[in-house]
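Protein chains: 2
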Amino acid sequence: MAQNAFDQKKDHILAEIHNNMQDLSPKGTIDELCWPIMDLINSHRDMVTTSSCSGRLSVFVEGNKLSNEDVKSGGKGEGGKWLFVTHNREEVMRWTEKLPEAVVYEKAVETATVGSNVRYILYKYEPFILHVKCRDFLTASKLFSTAMACGFRESGIGSNNIVAVRVNIKLDIPIGYLDQNTQKLVFFVNNCYIQLIDRMTLSKFSENTKKMQELYDKIESQLINPQQSATLSGPLHETKEERRERKKKEGLERQQQIKQDK
Amino acid sequence: MAQNAFDQKKDHILAEIHNNMQDLSPKGTIDELCWPIMDLINSHRDMVTTSSCSGRLSVFVEGNKLSNEDVKSGGKGEGGKWLFVTHNREEVMRWTEKLPEAVVYEKAVETATVGSNVRYILYKYEPFILHVKCRDFLTASKLFSTAMACGFRESGIGSNNIVAVRVNIKLDIPIGYLDQNTQKLVFFVNNCYIQLIDRMTLSKFSENTKKMQELYDKIESQLINPQQSATLSGPLHETKEERRERKKKEGLERQQQIKQDK
Chain B
6 MAQNAFDQKK DHILAEIHNN MQDLSPKGTI DELCWPIMDL INSHRDMVTT SSCSGRLSVF
66 VEGNKLSNED VKSGGKGEGG KWLFVTHNRE EVMRWTEKLP EAVVYEKAVE TATVGSNVRY
126 ILYKYEPFIL HVKCRDFLTA SKLFSTAMAC GFRESGIGSN NIVAVRVNIK LDIPIGYLDQ
186 NTQKLVFFVN NCYIQLIDRM TLSKFSENTK KMQELYDKIE SQLINPQQSA TLSGPLHETK
246 EERRERKKKE GLERQQQIKQ DK
Chain C
6 MAQNAFDQKK DHILAEIHNN MQDLSPKGTI DELCWPIMDL INSHRDMVTT SSCSGRLSVF
66 VEGNKLSNED VKSGGKGEGG KWLFVTHNRE EVMRWTEKLP EAVVYEKAVE TATVGSNVRY
126 ILYKYEPFIL HVKCRDFLTA SKLFSTAMAC GFRESGIGSN NIVAVRVNIK LDIPIGYLDQ
186 NTQKLVFFVN NCYIQLIDRM TLSKFSENTK KMQELYDKIE SQLINPQQSA TLSGPLHETK
246 EERRERKKKE GLERQQQIKQ DK
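In order, the protein sequences belong to chains B and C. With this note's numbering applied, the first sequence covers 6 to 267. With this note's numbering applied, the second sequence covers 6 to 267.
No lab work stands behind these hints, which were simulated from the structure alone. Quick reminder that beta carbons are idealized off the backbone N, C-alpha and C, glycines included. No false leads were mixed into what you were given.
Computed cross-link-like contacts, DMTMM-like style, restricted to lysine to aspartate or glutamate with a CA-CA straight-line distance of at most 20 Å:
hint : chain 1 : residue 1 : chain 2 : residue 2
1    : C       : Lys-175   : B       : Glu-83
2    : C       : Lys-129   : B       : Asp-203
3    : C       : Lys-129   : B       : Asp-177
4    : B       : Lys-147   : C       : Asp-141
5    : B       : Lys-175   : C       : Glu-131
6    : B       : Lys-175   : C       : Asp-177
7    : B       : Lys-175   : C       : Glu-83
8    : B       : Lys-129   : C       : Asp-203
9    : C       : Lys-175   : B       : Glu-131
10   : C       : Lys-175   : B       : Asp-177
11   : B       : Lys-129   : C       : Glu-131
12   : C       : Lys-245   : C       : Asp-222
13   : B       : Lys-129   : C       : Asp-177
Here are some of the chain B residues that sit facing chain C, going by a computed Cβ distance under 10 Å:
hint : residue
14   : Tyr-125
15   : Lys-129
16   : Phe-142
17   : Ala-145
18   : Ser-146
19   : Gly-161
20   : Arg-171
21   : Val-194
22   : Tyr-198
23   : Ile-202
Next up, chain B with everything else stripped away, as it sits in the complex (with noise of 0.2 Å):
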């Protein structure tokens, strides 16, 4: 039988996923925090996960201002740095001690770090990002009601029923510069102002897995169990807590596979 387009497409992206293709981000793999949602979206048959992010705290250092449109949609652009970035929080305390170079702290802000010029280094938390891609219209319409009804206020749907799922829960703090002289990180922050960020982020790496678990829950009573029969994988009839613990052994199954893989 003849599979149609987005049939296609889901069993190319499934088949992806389960090889574990390295996606563009500087982590490699996918997030494990993301596996229980998606493995929960992936088994309804109108939908596939396109793209996702678990939520994440990045450090960088600001790339070319003048010529890159990244910049200006908050990524570190090219010719920018990565300092830091993690999507656990057991990592967020003390990340500066695991930076590759010292780092100076300043005193007061230079003068020199006016003007347009400058490589801001920037401390950023983004939170968990999904896009799902839906057979239909309906289909994107419904997740996009789910999403939007527990808190997922920027989500959306864009160009062929793919939903962008997003919550703004965020962090977007200028922490100090480069020193293009000598090339060093100057910190125009103290050492008590990032701890006291990091643990501003803890605490939004607790909302923001709060949300991924209220949204899983509401996917599941409103797009997975009203039609639990004609899902293609998993057994029926199990329980909403059987299929909690069963999604998670298996994306720990695959989380191992992948280790060995590597």
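Since chain B is already given, all that's left is putting chain C on it; use the hints.
What follows is chain C alone, placed relative to chain B:
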């Protein structure tokens, strides 16, 4: 002739805009910087703007974190307190001098500032955002693609063919806290740092204005001009420059009318 639902809704919204209904933001009236692009979009028979913000700097004390959803979604939250809000770049520098009360600058971040009950003072830059209701999905899709094509990468289509036009130009910085004993505002960053982030805010304002202009031009060339003869308002056959001048003039006249009405 009986009007259809979209036309009725559009007439109603345009009348509201004309009567300068108070919106829910602390500023009250519709930002004048939004007038040109609103006028442009509303000149299209299949679109009407439903809400907008031209971009703003806000500084506020967070509200109650335990019971409030708004805090989580980035707003000031219930019980929160606006300290300063402006949509005008001219008012950015030296905003601290306009605060209703004196600020204490703390040398080091104290341990008192740790914990889930601390009410932080947040400094936020938020860019231009616009919601546009479209007559049909085709128009919504066109507007969405036009916005995405000029860098409004967080745009999306929602319910009822309403397009949210969003760009990622943000700052989100904790700068202090409210001392719950003395009720004083305590900053844990120094005045030099405040000046630095104020200058960054000015550069965000510029970037934002540039993006708004790009969006204006793109909407005009992609959505307005191809069917200029079908638009409901505005003389036909005017050039791009003539239209811009006319819209500017109309905006100013309306602005003056608003001031007189107050």
